[in-house]
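If you read the sequences in order, they're chains X and L.
Taking my numbering, I'd label the letters of the first sequence as residues 0 to 289.
Taking my numbering, I'd label the letters of the second sequence as residues 0 to 289.
Heads up, a few of these hints could be off.
Pairs involving identical chains hold if they fit within one copy or between any two copies, as the list cannot separate such chains.
[Claimed, not checked] Computed list of lysine to any residue pairs in SDA-like fashion (alpha-carbon distance at most 25 Å, straight line):
{"hint": "1", "residue 1": "K196", "residue 2": "V5"}
{"hint": "2", "residue 1": "K196", "residue 2": "D273"}
{"hint": "3", "residue 1": "K196", "residue 2": "A83"}
{"hint": "4", "residue 1": "K196", "residue 2": "A3"}
{"hint": "5", "residue 1": "K196", "residue 2": "R262"}
{"hint": "6", "residue 1": "K196", "residue 2": "T101"}
{"hint": "7", "residue 1": "K196", "residue 2": "E80"}
{"hint": "8", "residue 1": "K196", "residue 2": "T102"}
{"hint": "9", "residue 1": "K196", "residue 2": "G93"}
{"hint": "10", "residue 1": "K196", "residue 2": "T264"}
{"hint": "11", "residue 1": "K196", "residue 2": "A73"}
{"hint": "12", "residue 1": "K196", "residue 2": "Q149"}
{"hint": "13", "residue 1": "K196", "residue 2": "Q157"}
{"hint": "14", "residue 1": "K196", "residue 2": "L70"}
{"hint": "15", "residue 1": "K196", "residue 2": "V222"}
{"hint": "16", "residue 1": "K196", "residue 2": "P15"}
{"hint": "17", "residue 1": "K196", "residue 2": "L78"}
{"hint": "18", "residue 1": "K196", "residue 2": "P119"}
{"hint": "19", "residue 1": "K196", "residue 2": "E252"}
{"hint": "20", "residue 1": "K196", "residue 2": "V1"}
Treat the hints as calculated values from the structure; they're not laboratory data.
There are 2 protein chains.
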Amino acid sequence: MVVAGVGDDGAVLRPPAGRELVTVIDTMVAGTHFPAGMSARDVGYRIVAVNLSDIAAMGAQPRWMTLALTLVEADADWLEEFAAGLYEAASEWGVMLVGGDTTSGEQLVVSVQMSGDLAPGTALYRSGATAGDTVFVTGTLGDAAAGLEQLSAGAGEQYLTRRFARPSARVGVGRALAGIAHAAIDLSDGLVADLSKILEASHAGAELDLQRLPLSEELLRTVGREQALRHAMGGGDDYELCFTLPESGLPAEISTEVTPIGRITREPGLVCRDGDSVVPFDNTGYRHFR
Amino acid sequence: MVVAGVGDDGAVLRPPAGRELVTVIDTMVAGTHFPAGMSARDVGYRIVAVNLSDIAAMGAQPRWMTLALTLVEADADWLEEFAAGLYEAASEWGVMLVGGDTTSGEQLVVSVQMSGDLAPGTALYRSGATAGDTVFVTGTLGDAAAGLEQLSAGAGEQYLTRRFARPSARVGVGRALAGIAHAAIDLSDGLVADLSKILEASHAGAELDLQRLPLSEELLRTVGREQALRHAMGGGDDYELCFTLPESGLPAEISTEVTPIGRITREPGLVCRDGDSVVPFDNTGYRHFR
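Using the sequences and the hints, build the whole thing.
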């Protein structure tokens, strides 16, 4: 598949016959997308994971990637750790690094472009959500936002900080949904913001049941339910998948990895219910008026 | 070919059946790779052109690209001009922008990843140069280095500054050489540095005839022959192609676009002759001892 990788003016690749390609790109800037002090290994791991997450949201099988790295200084130890994290995340899904460009600048900027493949016509888009679909998410929500707060406050490694620094791209779930889910997106900006993109693209609305949102015990224990919900709704950086399809169509092999949290409606807009009350919210989290 | 472009988590592409893909990536940092004051339109044009040049050096037909753009501030006028330059260069070769990520940072960093395609087994590498091959280059050399000096000194637009800001990617020549040239590279670091990469990869040497180096009248008039040769040998940024093949194998359709400048030898090392004298040099230009 990789005819020639790193080392020439470009890489040469043989795409699998009869497949479509998916290509994604994601950039992280130190101090903007992660705390400037995050470990080199985590930076390397995370830039691959967030691209894997985009590939997963499209339903594709990740194959190869290229790297653009702008460094403040050429520190061999930092680079070695960065590469270790990069390869760790890539090797989990057999992704090959086929090219790169390293430059120097005033700030650490790391960008990965990743390609994957899938059967023609099976790519997942944001635009297919249909009234009556169930809205599902993978994993638990809000952990990464709480982890980022802890990292920024100088906390050491622990469950929540790892959820920010080393997100688990849901490639297996995405693959299982290719050609099946009506709409999908990965949760990088937060559930409200990202689900709203599905609703806008699909000209539909949704009702969410906040009591069904999957929240980790660690998150609930650390910040309490109110703040946990705020992180889950508006926090971002979870890199879980959110997708819609008729509940009966959910592939059995992923049923234990996903949680139904609501349904798609014909009326535009996003309505969030917490028991009997409707909860107003905005993209940065929700505001609870009793 | 582009099933779905910008606007979802990723683009979906249908690669042409039975072709191999070539993928390249090139990053430019303001102040490092171009003067911080270069026009937005030229920044947009140039980042596409330097990637087209890598695609050309591989012998491929450019098809699509993704963009990672880190901006100091979101200036709508700047972005509009940047996009105009980007699309101008891309449209010359029918390249589609299929994805991108725009971030904010302390410094302008722009990275493009481009993909193209070619017939299987026809990609051009640095490693195939063979004793007896003739060494060719496209266009004229040294203009961009002189243009960069002028730009950095605050000069307005003119022939030499345009040669830096808006390089002409030799895509047509590269396509004609696919499956034919023994080795190829694009001249981004300068003739000595880049030809040396061919020689190292090919375990060969070369003899160059400095009197045959193609130098523009504008360059000779502006800086004189001595400095023109220095720019041609060590200046970089020309984005011309350098390639090797037996002279009799040169495709007729490109014969007017290229200049023979030397030949590949069995003995390692690069020997430069100026008439009867051998000229010592290093990667940053050549030093002439009489």
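How the hints compare with the structure:
no.	hint	in the structure
1	K196 <-> V5	between (36 Å within a copy, 14 Å between copies)
2	K196 <-> D273	within (22 Å within a copy, 65 Å between copies)
3	K196 <-> A83	neither (34 Å within a copy, 27 Å between copies)
4	K196 <-> A3	between (38 Å within a copy, 17 Å between copies)
5	K196 <-> R262	within (15 Å within a copy, 59 Å between copies)
6	K196 <-> T101	between (34 Å within a copy, 18 Å between copies)
7	K196 <-> E80	neither (36 Å within a copy, 28 Å between copies)
8	K196 <-> T102	between (34 Å within a copy, 19 Å between copies)
9	K196 <-> G93	neither (30 Å within a copy, 30 Å between copies)
10	K196 <-> T264	within (15 Å within a copy, 61 Å between copies)
11	K196 <-> A73	between (39 Å within a copy, 22 Å between copies)
12	K196 <-> Q149	neither (28 Å within a copy, 47 Å between copies)
13	K196 <-> Q157	neither (32 Å within a copy, 46 Å between copies)
14	K196 <-> L70	between (33 Å within a copy, 24 Å between copies)
15	K196 <-> V222	neither (28 Å within a copy, 57 Å between copies)
16	K196 <-> P15	neither (31 Å within a copy, 31 Å between copies)
17	K196 <-> L78	between (36 Å within a copy, 24 Å between copies)
18	K196 <-> P119	within (24 Å within a copy, 40 Å between copies)
19	K196 <-> E252	neither (27 Å within a copy, 51 Å between copies)
20	K196 <-> V1	between (35 Å within a copy, 22 Å between copies)
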